[in-house]
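Undergrad: The residues making up each chain are set out below.
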Amino acid sequence: MKSRWLVWIWLLPSLLFLLGAAAGEWLTKVPAHEHQKTNPLKDQHEAVQAGQLLFAEHCVSCHGQDAEGKKGRPSLRSSRVQTEATEGDLHWLLVNGSPRRGMPSWSRLPDPQLWQLISYLKSLTPKN
Amino acid sequence: MESLPCQPNFFEDSGATLKSWHPRLGQTLLRLLLPVVIIAIGAPCFAQEKPYFVTYTHEMEEPGNLEIAMSNVTGKPQSADRFWGTAMELEYGATAWWTTELYLDGVSIPHDSTIFTGYRWENRFYLLSRQHWINPVIYVEFEDINGADKSLREVVGHDGDGDFAGSNAETRQEKKRELELKIILGSNFKGWNVSENFIAEKNLGGGAWEFGYAIAASRPLKLLAGSRKCMFCLDKFAAGVEMYGGLGDRHTFGLHNTSHYFGPVVNWKSPGGMTLSFGPQFGLNDFSVPRLYRFGVSYEINQIFRSMSFFRSQREGQ
Chain A
523 MKSRWLVWIW
533 LLPSLLFLLG
543 AAAGEWLTKV
553 PAHEHQKTNP
563 LKDQHEAVQA
573 GQLLFAEHCV
583 SCHGQDAEGK
593 KGRPSLRSSR
603 VQTEATEGDL
613 HWLLVNGSPR
623 RGMPSWSRLP
633 DPQLWQLISY
643 LKSLTPKN
Chain B
207 MESLPCQPNF
217 FEDSGATLKS
227 WHPRLGQTLL
237 RLLLPVVIIA
247 IGAPCFAQEK
257 PYFVTYTHEM
267 EEPGNLEIAM
277 SNVTGKPQSA
287 DRFWGTAMEL
297 EYGATAWWTT
307 ELYLDGVSIP
317 HDSTIFTGYR
327 WENRFYLLSR
337 QHWINPVIYV
347 EFEDINGADK
357 SLREVVGHDG
367 DGDFAGSNAE
377 TRQEKKRELE
387 LKIILGSNFK
397 GWNVSENFIA
407 EKNLGGGAWE
417 FGYAIAASRP
427 LKLLAGSRKC
437 MFCLDKFAAG
447 VEMYGGLGDR
457 HTFGLHNTSH
467 YFGPVVNWKS
477 PGGMTLSFGP
487 QFGLNDFSVP
497 RLYRFGVSYE
507 INQIFRSMSF
517 FRSQREGQ
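If you read the protein sequences in the order shown, they are chains A and B.
The first sequence lines up with residues 523 to 650 when you count with this note's numbering.
The second sequence lines up with residues 207 to 524 when you count with this note's numbering.
Looking at chain A on its own, in the form it has when it is part of the complex (with noise of 0.2 angstroms):
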């Protein structure tokens, strides 16, 4: 019996340890290029406003309104996405997703339309 509770304890955090990598694992495949990209509409309002009616258009249903994630959809304001991630890093995830864990991709957006997107995002203030 006893045990069977240290196999839990060694197996659960490897579990979350595991759980956390994953989620974050696409900031890893993102090519040297496309990582270093910037973005063209950087400190536009405007580009923050469209981002933000696209953002309720095509995200809100997963992300939430507020963009802290919704029913185990990540949040668009953890540390991962506000200080990990460069503009270019984000740009790769909307354009090609992440089929196997649900997330679509977003090349049928304009490219425009998805640096407004990506404005919008880091306009948000950060929270864990």
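These aren't lab readings, by the way, just hints derived from the structure by calculation.
Derived contacts from chain B toward chain A, CB cut-off under 7 angstroms, selection only:
#, residue
1, E265
2, E268
3, P269
4, W303
5, N394
6, G397
7, S433
8, Q509
Just so you know, even glycine gets a beta-carbon here, dropped at the ideal spot from N, CA and C.
With chain A fixed as given, assemble chain B onto it according to the hints.
TA: Coordinates of chain B only, in the frame set by chain A:
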């Protein structure tokens, strides 16, 4: 009382007519449809649809979303009366890489009848884990329709103007249980979408494999989204061209005795989440129907099952 020509008679197959509808059927249908309507109002979604009618793109339905669409086509063949073909589509994003769709087809011919012509069940699979310059999607469809079907979802083999002759009562006698395979290739580049479909279809009751193609290109009229909500901004419109036709069958592959169509396509995404599409299409040879007019309307319901559980919990809470 004789039924009027053109009167909808979707239950002709089972021998029932509109007159013999159960008096409570209307109420039952209303009860069934009401939750869908409520959900649709409660969870509008803004489908980023391409304006094509026949050509598929590599873009998949978003996981958990349900798109309801009506696609209609009308034309006047050289040797037959004008027809109205329609297909109701229910498209569901099962996963980010798998989209499944059910079509319910019908046809109406003035001074003849309006009948249900069958159903189609299709599945599309995106096989790669990333987006590439050209993105392939595998399409598998089973269809159980009859010869009266004129929804013209694709043109294969030697399909042509002559197939439209005959009344619904005659043509519906022909049963078609078919397997249809497609390779869908799609690319997005600088706002343009270019899609190519290669089609192979076989009647499971016998007959040779038939082939067809569809190609299309389109672009939003403006690539940047507006910073304010508006109804008729250019970014709400997309326009392009579409071309499709038959390529003969396994024994007579080629363009001989095949029909081909070409035309512009345009769509408009309303702020309410509905997308309207329109496209006149022109037959390119004598084997084709001279002109087809297509129009469609689609609406996407966000996270359909989550919306249903939300409404269920609301009802239980009352």
